[in-house]
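Taken in order, these protein sequences are the chains called A and B.
Here the numbering used here is used: the first residue of the first sequence is 1, the next is one more, and so on.
Here the numbering used here is used: the first residue of the second sequence is 84, the next is one more, and so on.
Incorrect hints may have been included.
[As the list claims (entries may be wrong)] Here are the computed lysine-lysine pairs in the DSSO-like style, where the Cα-Cα straight-line distance is at most 30 Å:
1. A/LYS42 x B/LYS181
2. B/LYS128 x B/LYS104
3. B/LYS160 x A/LYS42
4. B/LYS91 x A/LYS42
5. B/LYS146 x A/LYS42
6. A/LYS42 x B/LYS185
7. A/LYS77 x B/LYS181
8. B/LYS146 x B/LYS160
9. A/LYS77 x A/LYS53
10. A/LYS53 x B/LYS160
11. A/LYS77 x A/LYS42
It is worth saying that the hints were derived from the structure and are not from the lab.
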Amino acid sequence: MLTSTQIETYIAQGLSCEHIAVMGDDGQHFEAVVVSPEFAGKSMVQQHQMVYKALGDRMRAEIHALSMRTFTPEQWKQAGAKN
Amino acid sequence: MDVQQTIKEQVTTHDVVLYMKGTPQFPQCGFSGAAIQMLQACGVKNAVTVNVLADPEIREGIKSYSNWPTIPQLYIKGEFVGGADIMRELFQSGELQKMLGKE
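Please model the complete structure; the sequences and the hints are all you need to start from.
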């Protein structure tokens with residue numbers, strides 16, 4: 001069964017991440033927070049596409065649902081300051 | 084007609100198109116259900132919905148059309164807006180309402 005830790009590893013292998021957290025323990029539904037400097041200047045659609053690309057075929061075959069929020073390191077700091 | 088052409092025609096001839104699993108009355112997936120609810124909350128009455136479960140070719144074709152591996156997918160005036168997560172962020176910031184002209 002796919003674990004959230006495996007998904008974290010897959011994403012981090014394809015994308016340089018400053019912070020990554022994946023939750024979900026049923027093997028099919030996951031929630032991810034991904035912070036990457038590579039997101040800078042990209043639209044939200046492009047940022048999510050980069051995460052999907054890192055996951056490649058697993059996204060089609062194994063993962064039923066991946067809900068995600070993406071941040072640049074700067075946005076992440078601001079979000080942290082707010083919370 | 085090629086499926087990519089069919090999709091292009093669908094998204095360009097209608098202002099708001101949502102590709103979803105199931106129908107607005109009976110969504111077959113929580114994300115699709117949330118997507119249609121957000122459109123309704125924005126006051127959209129003319130959204131065209133396409134049930135990808137009823138058409139395997141569209142279901143696969145739409146993923147390559149937008150380079151996006153998941154359903155739902157929202158298009159406004161021919162442009163791919165995003166999936167359920169992006170819709171939620173845009174909805175919460177009020178941006179989705181603006182994009183739909185329902186401010």
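Are the Cα atoms of A/LYS77 and B/LYS181 separated by 30 Å or less? holds (27 Å)
Take a quick look at whether B/LYS128 and B/LYS104 sit within 30 Å of each other, Cα to Cα. holds (19 Å)
Does the alpha-carbon distance linking B/LYS160 and A/LYS42 stay inside the 30 Å limit? With a Cα-Cα distance of about 21 Å, the restraint between B/LYS160 and A/LYS42 holds, given a limit of 30 Å.
Starting from A/LYS42, check that the Cα of B/LYS181 is at most 30 Å away, please. Given that 30 Å is the threshold and the Cα spacing comes to 21 Å, the pair holds.
Hint check: A/LYS77 vs A/LYS42, CA-CA at most 30 Å. Holds or violated? With a Cα-Cα distance of about 18 Å, the restraint between A/LYS77 and A/LYS42 holds, given a limit of 30 Å.
Is the Cα-Cα distance between A/LYS53 and B/LYS160 30 Å or less? holds (26 Å)
Are the Cα positions of A/LYS77 and A/LYS53 separated by 30 Å at most? Roughly 25 Å between the alpha carbons, so the hint for A/LYS77 and A/LYS53 holds.
Taking only the CA atoms, is the gap from B/LYS146 to A/LYS42 under or equal to 30 Å? Satisfied, since the Cα-Cα distance of roughly 20 Å is no more than 30 Å.
Between B/LYS91 and A/LYS42, is the straight-line Cα distance small enough, at 30 Å or below? Answer holds: B/LYS91 to A/LYS42 is near 24 Å, not above 30 Å.
Compare the distance between the alpha carbons of A/LYS42 and B/LYS185 with 30 Å, and conclude whether the hinted pair is satisfied. Distance ~26 Å between A/LYS42 and B/LYS185 Cα, so the pair holds.
Starting from B/LYS146, check that the Cα of B/LYS160 is at most 30 Å away, please. Holds, at about 18 Å.
Violated hints are absent here; each numbered hint is respected by the structure.
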